[in-house]
Amino acid sequence: MSDKNWISHLLIRIFALPIAFIMLYMIILGGRSDSMGLGLVYAFLALAIIGVLFLSIEAIWLYRKKLLNKFLANIGILSVLLLVLLMLFGGR
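All residue numbers for the sequence shown refer to my numbering, where the first residue is 12 and numbers rise by one.
Rather than coming from a laboratory, the hints here were simulated on the basis of the structure.
Being a predicted model, the structure only gives us computed values, none of them experimental.
Built from N, CA and C at the ideal position, the CB exists for glycine as well.
Errors might be hidden in some of the hints.
Taking CB as the label site, the calculated pair distances span [unchecked claim]:
hint, residue 1, residue 2, range
1, G101, K77, 34 to 44 Å
2, M37, K77, 33 to 43 Å
3, N16, D45, 34 to 44 Å
4, I25, S46, 22 to 32 Å
5, L79, S46, 39 to 49 Å
6, R43, L94, 12 to 22 Å
Construct all of the structure, not just a fragment, from the sequences and the given hints.
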């Protein structure tokens with residue numbers, strides 16, 4: 012395997028996050044209205060949990076395959092995601 016296309020690896024994950032968020036939001040709403048915005052909160056939390064699990068497992072797999080640039084890209088996305096979650100739950 013080649014470790015040279017880490018930029019496309021990073022961009023695919025960055026563009027997949029909003030698409031996955033929209034899909035989760037539509038599934039959670041199920042055709043109903045979301046007047047209080049709770050669907051947004053649930054969709055974000057579901058995406059965060061799924062994202063952390065997926066990126067963590069993939070980071071371990073990339074590290075074992077010695078694809079360090081892709082591994083670092085995953086760790087970067089994972090750290091930003093965790094930082095945003097900590098800021099949201101911290102309330103600051």
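message: Are any of the numbered hints broken by this structure? If so, which, sorted upward?
response: Those not satisfied come down to hint 6.
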